[in-house]
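Those protein sequences? They're chains A and B, same order as listed.
Going by my numbering, the first sequence opens with residue 1, and the numbers climb by one from there.
Going by my numbering, the second sequence opens with residue 1, and the numbers climb by one from there.
It is possible that part of the hints are untrue.
Capping the alpha-carbon separation at 30 Å, the derived lysine-lysine pairs in BS3-like fashion look like this [stated by the list, open to error]: (1) K103/B <-> K8/B; (2) K254/A <-> K104/B; (3) K128/B <-> K253/A.
I should point out that these hints are in silico values taken from the structure, not numbers from a laboratory.
Everything numeric in this text was worked out from a predicted model, so none of it was measured.
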Amino acid sequence: MENKKKNKMKYLCMSLVGLLIFFGIWELSVRLGWVSDRTLSPPSTVIGTFIFKLTNANPDGSTLPQHFMQSLKLALSSFVVAVVIGVPLGWVMGYYKVASFLLNPIFEIIRPIPPIAWIPIIILTMGIGMPAKMFIIFVAAFVPCVINSYLGIRLTDPVRINVAKTFGASEWEIFTTVCIPSSMNMVFTGIRLSLNNSWTTLVAAEMLASTRGLGYMIQLGRTLIRPDIIIVGMFTIGITGALLNNILAMFEKKVAPWRYRE
Amino acid sequence: MSEDVKVKVRGLTKKFGDLLVLDNISFDVKKGDFVCIVGPTGCGKTTFLNLLVKLLEPTEGQILIDNEPADPKKHNMAFVFQEPSAYQWLTVEENIQYGLKIKKYPKDVIEERTKEIMETLGLEAVRKSYPHELSASLEQRVVIGRAFALHPDLLLMDEPYAQMDIKVRYYLEDQVIKLWQKTGSTVLFITHNIEEAVYLSEKCLILSNKPTTIKEEKKIELPRPRNIASSEFIELREYVTSQIKWW
Numbered sequence: 001m002e003n004k005k006k007n008k009m010k011y012l013c014m015s016l017v018g019l020l021i022f023f024g025i026w027e028l029s030v031r032l033g034w035v036s037d038r039t040l041s042p043p044s045t046v047i048g049t050f051i052f053k054l055t056n057a058n059p060d061g062s063t064l065p066q067h068f069m070q071s072l073k074l075a076l077s078s079f080v081v082a083v084v085i086g087v088p089l090g091w092v093m094g095y096y097k098v099a100s101f102l103l104n105p106i107f108e109i110i111r112p113i114p115p116i117a118w119i120p121i122i123i124l125t126m127g128i129g130m131p132a133k134m135f136i137i138f139v140a141a142f143v144p145c146v147i148n149s150y151l152g153i154r155l156t157d158p159v160r161i162n163v164a165k166t167f168g169a170s171e172w173e174i175f176t177t178v179c180i181p182s183s184m185n186m187v188f189t190g191i192r193l194s195l196n197n198s199w200t201t202l203v204a205a206e207m208l209a210s211t212r213g214l215g216y217m218i219q220l221g222r223t224l225i226r227p228d229i230i231i232v233g234m235f236t237i238g239i240t241g242a243l244l245n246n247i248l249a250m251f252e253k254k255v256a257p258w259r260y261r262e
Numbered sequence: 001m002s003e004d005v006k007v008k009v010r011g012l013t014k015k016f017g018d019l020l021v022l023d024n025i026s027f028d029v030k031k032g033d034f035v036c037i038v039g040p041t042g043c044g045k046t047t048f049l050n051l052l053v054k055l056l057e058p059t060e061g062q063i064l065i066d067n068e069p070a071d072p073k074k075h076n077m078a079f080v081f082q083e084p085s086a087y088q089w090l091t092v093e094e095n096i097q098y099g100l101k102i103k104k105y106p107k108d109v110i111e112e113r114t115k116e117i118m119e120t121l122g123l124e125a126v127r128k129s130y131p132h133e134l135s136a137s138l139e140q141r142v143v144i145g146r147a148f149a150l151h152p153d154l155l156l157m158d159e160p161y162a163q164m165d166i167k168v169r170y171y172l173e174d175q176v177i178k179l180w181q182k183t184g185s186t187v188l189f190i191t192h193n194i195e196e197a198v199y200l201s202e203k204c205l206i207l208s209n210k211p212t213t214i215k216e217e218k219k220i221e222l223p224r225p226r227n228i229a230s231s232e233f234i235e236l237r238e239y240v241t242s243q244i245k246w247w
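Could you put the whole structure together from the sequences, leaning on the hints where they help?
In structure tokens, the structure reads:
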């Protein structure tokens, strides 16, 4: 136990040292003039801008918390809709052949289309409002949910299905008591990918005539040639993504506890 | 036909395309019997069990349990596979209850049977553990417990100890005998280990090479607990071995 604690501290220190080296090199490279401060702001400036933007709406019209809340609402609502529709759809496609034959061809065509390629047609059909932005993020988050849930079901160990069959389980019982729980590893991998995709597609979605949001803030930072604002936006997306991943892991521990016990 | 016959197999034949695997097999198993099925490697022993439990459909022939066509939905059947088959997402306790819940047994029966199996197999300490937290032999004990918890009309075991070392195997063999005596289930046990077959069974079904038929039904009338070093035991083991030899 003592050893475990010591190891944990050691790894934490190593991670901190890694971060310090990264930020140190970055700071020095700007301070020593290796990189122009018009193209890359040093970490000290970025931290200053971050603190400033917490309460100040200049120069992009909203404070950082306002941008953040707007983006969080957009990314999370699209992500939740994608999970709620995508995961059960993947399960059904994986288990029921009829559903697979019906839906797989359409899905295989839609799957390789990058979410950004949807933007022009979405503008034409849905305009540039919130639903249009939500749809772009939804498409990005939906695909990994469906694929992973589908594969999770298809990869169910046939021996475990046969155990249920010999006990006299019905098709529905096999689906719900064997295939779905067995697919959870893949499902959560898909949900993680979806969450990442939601955040990474956020910037593209907020290019659609936004007035608020982290993506909008980054775009405006580019227009104003303010790399510090761009980096604050990028890091806010990155840190929020990492935090949401941890929240997801906590949820996963509740839903699929067997994956976390040693 | 005698009243205490539990399983009747009549003219069981299985073909995969042109390949005849099982050829017109017929035999009876008495209620509460422990039958070991032995035969040369690749003779179709697993196919044989899969047919009995309806995982495969026979090309011809019939399997009757209590004079009705075998049907896992109607009869209490269980299968212990050679491969690990505990449900990773269920605790030891929930794994043991799985078959009982599928068969919709009342809650008090489920509790009582779980307790019985846990005590017999010494699983109380790991009641709330997940299978991946257990050793391979302990996990296989859970699987065996799950099968016996149902007090099945017919329990099929397909080389369940093939991946265990000899010490664990002896221990688990004794556990199976204990459970079999306690539950009164009818057991069909496939093994390629002849010593195991003679140690466990009341009767050995010796299968031939493909196309497989029953070469002999050999009664094993040795008192329990059996002594593998006794001359009668060795004599029987050697006899069964000589019957299997195809070389």
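How the hints compare with the structure:
no. : hint              : result
1   : K103/B <-> K8/B   : 23 Å, holds
2   : K254/A <-> K104/B : 27 Å, holds
3   : K128/B <-> K253/A : 16 Å, holds
The structure meets every hint from the earlier list without exception.
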